[in-house]
Amino acid sequence: MPNILLTQKCVRSCPYCFAKKQMNENDGGEVIKWEDLVYLADMFAQGGCREMRFLGGEPTLHPQFADFLAYSLTRDFSVTVFSSGIMSDKVKEDIRRVYKTIPQAAKNVSFLCNLNDPELSPPAENKRVEEFLEEFGAWVIPGFNIYRKDFSLDFLFRYINRYGLKRSVRLGLTHPILRENNSFIAIPDMKGIVDRLLGYLPQFMQYDVTPTLDCGFPMCLFSDEQLGQLYKATKGAPKFTCGSPVDIGPDMTAWACFPLSATHRKSVYEFDDYQKMTAYFNSFAAGIRQEAGGIFKECDSCSWRKNGLCGGGCAAHMLKEIDKEGGVRAFKI
Amino acid sequence: MTDNTKQIFVVPFSEDIIRKAGGRTLAVRAGDPGDIGRIAAAVSADRLHCIEVAADSLSGVRLEKEWRRLPLVFRLKSAGRLLDCIPALEDLRDSAARFYLPATGENITAARVLSSLMVKTGLILDGDGADWDAMEDLLVYDSCGKVAHTSVEPFLYVYTEYKNLQADYNELYLEKEGTFFHCDESGNIALSRAALGKGEFIGTLDKADTIDFAGFSLSAREKRRGPLLKFEGCSLCPAWRVCGFKKSENNKLCAMKQFMTALADAADQVNKNAHNNI
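Chains A and B are the protein sequences, given in the same order. For what it's worth, my numbering labels the leading residue of the first sequence as 62, then goes sequentially. For what it's worth, my numbering labels the leading residue of the second sequence as 1412, then goes sequentially.
A portion of the hints provided could be inaccurate.
Derived pair list, reagent style DSSO-like, types lysine-lysine, alpha-carbon separation capped at 30 Å [as the list claims (entries may be wrong)]: (1) B:Lys1488 x A:Lys151; (2) B:Lys1668 x A:Lys94; (3) B:Lys1609 x B:Lys1634; (4) B:Lys1557 x A:Lys327.
FYI, nobody ran anything at the bench for these hints, they're computed from the structure.
From just these sequences and the hints, can you work out the full model?
Pasting the structure below:
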């Protein structure tokens, strides 16, 4: 599913930021144009994709954010907005209008808010996030990116219950970005992260909140007992494979996903259609996995990986290792 | 497309003018959208070419259900904000109305957005500040787009009317001299919108029977051929097939050349594709 970066500007500076590379490469002034949004809507519609995913930076900073939202809904797309929840009163007023004037908005718009632990965030930022959740909570899917070994999820349950957020949490592991210096969970620390995460399963069950694991969790980090618990908590088989998203920047450059964004970038206009674009980036991600196996040595002979149950962890770790071997090799996959 | 012997009178709306026009075909200018219903009641459908309405912005346009089949032509200054148009979008899509905007960069973008939302739009090419590069880009979208959208004028007109390898889109804007005669509130008749503005009249509506309209039509046709009879300027430009010699008075290759050539080529291709069932 492609993500469209409406703008590179952001209101936060998270240490793990996946978009750091893009933010560092330009001043953030570039925003996606109407013509390009129409082009993408046509491309997606023709390819049978009926979902728009608006990312940033902070996508609500785009001057036409609400109009883009209205446009996409009117063209029968569902829209997921990846937002911090920090936005001006004017933007909130526009969002209210979208929900009020477009009946399908209530069903087809959701905000995936990557929430940071309020204990580690500035109070002014927390206040604005909570104001957003207070008003739009019913459409908010909370998300949390794990970038520290001592993370806490208590605040998520508090937010979900207090503001009536959707009862599902997207949990992401932070990954390295090739040739960038972001905070991420190192491979040896992953087992500890998984154990700490599963320590919260009783609360997930108690509050009827479904944890959704984002890509990059290797299956072997979970014991059979933990997998059983996870199966119950996620209400079905959890996935340990990579969804191979495609990110599209404001200048219509596409790349496989943020952690892999240093290489294999192409203009959307180079592809004849949606299928060819996704096939190209899927093939790149598959090439890395073929080259490196997985993030552990054992991945090479792992039957779960061979059977497609596990992706062997995030390809960004593998690409980083390949890059150490020779500066140009990562770009030749 | 109108035939060469037909005359259409572009008149402001007043009961008196409509009465004076007798059974002639009319394009009626509504001073206010509130006049639309009264015009439809006063002029029978068979002699109503269109109702032209001036308005500031599309976001302010609200269409009544009973106007759905009327040939409404809105001349707007801008499209306004999409979010403001949303409450009326269904009505805008369902109606036969077409919304014309000056061909500035911002309006060309708006035409693309609205066309992809199935709202019928058009761009007015003659105003100052037309962005020809953006027009050419929109032309590619309009003629080659793989997803259904409404066609933008004048593209649709040129594709449809590109007979004998030429089409004069000026007819779309009620500007084809010899076919459209422009009248003021007093019933004075002029050969063009510009002549009407300058007060250059050829007669009055109440004495219209004494005016040789066929003669004016013939001389307008001769005038249109004029630039092609000199071995310079427009006659050497491939754009003449569709441009209507709008800039021929300068006798220079004009800024429209590249876009108009592309438009003629697109019309050629669209017609070939239709012929070959592509």
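(request) With a cut-off of 30 Å on the C-alpha distance, tell me whether Lys1488 of chain B and Lys151 of chain A pass. (result) The given pair, whose Cα atoms are some 25 Å apart, holds under the 30 Å limit.
(request) Assess, step by step, whether the Cα of Lys1557 of chain B is no farther than 30 Å from the Cα of Lys327 of chain A, and give holds or violated. (result) holds, 21 Å
(request) Measure nothing beyond the straight line between the CA atoms of Lys1609 of chain B and Lys1634 of chain B; if it is 30 Å or shorter, mark the hint as holding. (result) The given pair, whose Cα atoms are some 20 Å apart, holds under the 30 Å limit.
(message) Please verify whether Lys1668 of chain B and Lys94 of chain A have alpha carbons no more than 30 Å apart.
(response) holds, 27 Å
Of the numbered hints listed earlier, not one is contradicted by the structure.
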